[in-house]
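Enquirer: Here the protein sequences line up with chains U and F, keeping their order. According to UniProt numbering, the residues represented by the first sequence are 1 to 260, in order. According to UniProt numbering, the residues represented by the second sequence are 1 to 357, in order.
Source of the hints: derived by calculation from the structure; they are not laboratory data. It should be emphasised that the depicted structure is a prediction, and the values quoted were computed from it without experimental measurement. It is possible that part of the hints are untrue.
[Unchecked claim] Derived pair list, reagent style EDC-like, types lysine to aspartate or glutamate, alpha-carbon separation capped at 16 Å:
1. F:Lys74 x U:Glu161
2. F:Lys317 x F:Asp340
3. F:Lys323 x F:Asp340
4. F:Lys323 x F:Asp258
5. F:Lys317 x F:Glu307
6. F:Lys74 x U:Glu162
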Amino acid sequence: MNKASSALSGLYLLLILFFLYIPIIVMMIMSFNRSELYLLPFEFDLVWYQQLAQNDQLIGAARNSIVIALVNTVIATTLGTLTALCFARYEFRGKRVLQGMLVPTLTMPWLITGTAMLMFFFWSGIGRGLHSILLGHVALSLPYVVIIVGARLRSLGVSMEEAAATLGANGWQTFWRVTAPLMAPGIVAAALFAFAISFDQFVISYFLAPVGTSTLPVQIYSAIRKGFTPEINAISTIIILASMVLMIGFARFSKFGGER
Amino acid sequence: MSAVGISNVAKYYGKVAALDDVSMTVQDGEFFGLLGPSGGGKTTLLRAIAGFVEPDRGEITIAGKAVSNIPINKRDIGMMFQNYALFPHLTVAENIGFGLSVRHRPKAEIAERVRQLLELVRLSGFEGRKPKQMSGGQQQRIALARALSTNPKVLLLDEPLGALDKKLREEMQFELKQIQRDVGITTVFVTHDQEEALTLSDRIAIMNGGRVEQIGAPRDIYERPRTAFAASFLGTANFFEGVVSGRGDGVTRIELPDGQAIFTTDEAPAGARVTAAVRPEKLLAGPVGAQGQEGRTNTIQGRVMAEVFAGNSVTYKVDAGNKPVTVFVQNRTDERFGPDQTIALTWAPYHTILVAA
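Take these sequences, add in the hints, and give me the full structure.
Expert: Spelled out as structure tokens, the structure:
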């Protein structure tokens with residue numbers, strides 16, 4: 001590579017990193033700054049973390065978000081993996097139609113899905129609440145799980161399962177000794193997506209949250225509307241650090257469903 | 001006793017017959033090749049023996065027992081897959097021991113069997129490796145060891161050497177044959193490679209369009225092909241179409257459209273339209289007039305169109321009466337034929353074989 005194009009691609013990389021990470025880094029730094037109005041010079045202080053510890057609304061919302069995201073991950077990953085297995089290994093009537101129905105839900109704007117869910121849950125008596133937020137999140141993240149695990153299963157092919165059968169393994173043994181370990185990286189990646197989709201979800205949670213309870217994104221949004229405090233920076237910093245540790249750990253383990 | 005029996009097996013995909021009334025018997029200890037083009041039905045038949053494909057009609061027996069109601073994992077077969085299908089998350093030892101492990105055999109017994117098999121395929125010491133850390137040839141041998149691990153009644157090989165490069169393939173052919181003989185296991189294998197079929201098989205079934213074209217020892221099929229397809233798929237063949245115009249002196253005379261005549265020791269009724277096959281290496285090429293023109297030798301004349309030099313032999317494409325004829329000439333003398341030269345091709349009548357078109 002010659003010098004000019006090398007410098008150009010270096011600049012390109014720098015710009016990406018700049019716009020992706022600088023806002024986040026600035027926010028993290030400001031969470032440790034004493035000034036409420038982001039005044040410089042920087043003075044290190046944990047005041048916003050202390051205030052956060054007393055903000056029951058924000059902590060309650062964060063707890064709601066984490067619980068919903070975890071339960072959503074378990075439910076969506078389990079159902080989605082079973083669906084993907086069914087699509088990949090069995091032939092049945094209407095399979096094509098069902099597979100085709102997965103895709104539009106990915107491109108449908110969440111605002112529309114959220115509105116539709118709000119109307120439907122109201123009309124059907126399910127109502128608003130953490131339970132309906134969970135329902136909505138499962139419905140949203142399920143297609144992602146099916147597609148990610150399905151891609152893994154497709155790339156594996158059936159010949160290893162066939163080989164296990166010729167060697168005398170019954171269906172149960174084949175699943176636990178061959179299929180499950182081989183699709184595990186795909187399942188882990190899918191679970192991460194399911195968690196992230198739920199944890200990030202604002203629109204649907206906002207529509208379905210009853211008065212008085214909310215999830216973290218909804219709470220942050222309403223806090224910003226009332227007037228921004230660096231407590232938001234503090235909780236955001238905690239979440240960013242936690243999710244980075246989680247993601248790096250999983251990425252090392254699973255390489256996101258690719259080959260190990 | 002027949003190790004594998006196939007009788008009147010048919011399998012349809014929609015209206016297309018993947019297997020159309022196929023029957024054959026594989027003998028105990030035999031190395032049996034299924035040869036044919038893709039879509040010929042050979043893989044479907046192999047998968048039907050394994051149990052992955054359920055025939056619509058007919059019966060398959062393994063060691064005398066009908067297997068139609070026996071699931072794959074109870075059929076007592078060993079199968080080597082085209083891409084080997086080794087388990088990437090297991091070590092070599094775990095791969096080979098898989099069949100015994102799912103049968104809940106004691107650990108010591110499995111370890112001993114794995115050791116034996118690795119010795120057999122000359123990969124001792126590789127127990128702890130993962131398949132990915134091994135070369136294609138080594139993976140292939142691990143797959144073979146795994147297929148043999150449970151002492152199956154029949155070994156099924158799907159394009160066993162297809163994924164290897166040419167040099168390795170030739171090496172593995174001998175090794176595979178040697179191991180098969182040592183173990184003495186009945187083996188059915190699928191290939192589209194005629195050379196592989198010739199070198200490995202005790203007998204070959206040539207399959208095309210879901211049907212068996214011919215079954216026999218490689219040499220028998222090569223020398224006496226029964227159909228035009230068998231003649232052209234196993235080796236190369238020149239075909240002459242003509243009308244039988246008489247018989248005498250133990251030979252049948254066939255008149256070709258351009259007026260020349262050829263002779264065969266095969267019999268056919270006068271007036272019949274027939275197809276005759278002649279192998280390119282049976283033809284003797286020479287300058288016109290040099291042959292002793294005995295009535296019982298075939299002689300046709302043609303014009304040299306092209307010459308391909310292959311080192312030990314030369315292939316000539318000859319235009320004999322608007323019909324291209326291929327001739328292999330051993331590179332034994334300095335004799336060469338130039339382009340457009342008219343030459344004579346001669347051969348013995350028993351090398352003219354009447355085949356079903």
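Enquirer: Mind checking the alpha carbons of Lys323 (chain F) and Asp258 (chain F) for me, to see if they're no more than 16 Å apart?
Expert: Holds. Lys323 (chain F) to Asp258 (chain F) sits at ~9 Å (cutoff 16 Å).
Enquirer: Is it true that the CA of Lys74 (chain F) sits at most 16 Å from the CA of Glu161 (chain U)?
Expert: holds (15 Å)
Enquirer: Sort out whether Glu162 (chain U) lies within 16 Å of Lys74 (chain F), counting only the CA atoms.
Expert: Within the cut-off at roughly 13 Å; holds.
Enquirer: Between Lys317 (chain F) and Glu307 (chain F), does the CA-CA distance stay at or below 16 Å?
Expert: Holds, because 6 Å separates the two Cα atoms, which is no more than 16 Å.
Enquirer: Are the Cα positions of Lys323 (chain F) and Asp340 (chain F) separated by 16 Å at most?
Expert: holds (15 Å)
Enquirer: Please work out if Lys317 (chain F) and Asp340 (chain F) have their alpha carbons no farther apart than 16 Å.
Expert: holds (11 Å)
In terms of the numbered hints stated before, the structure departs from none.
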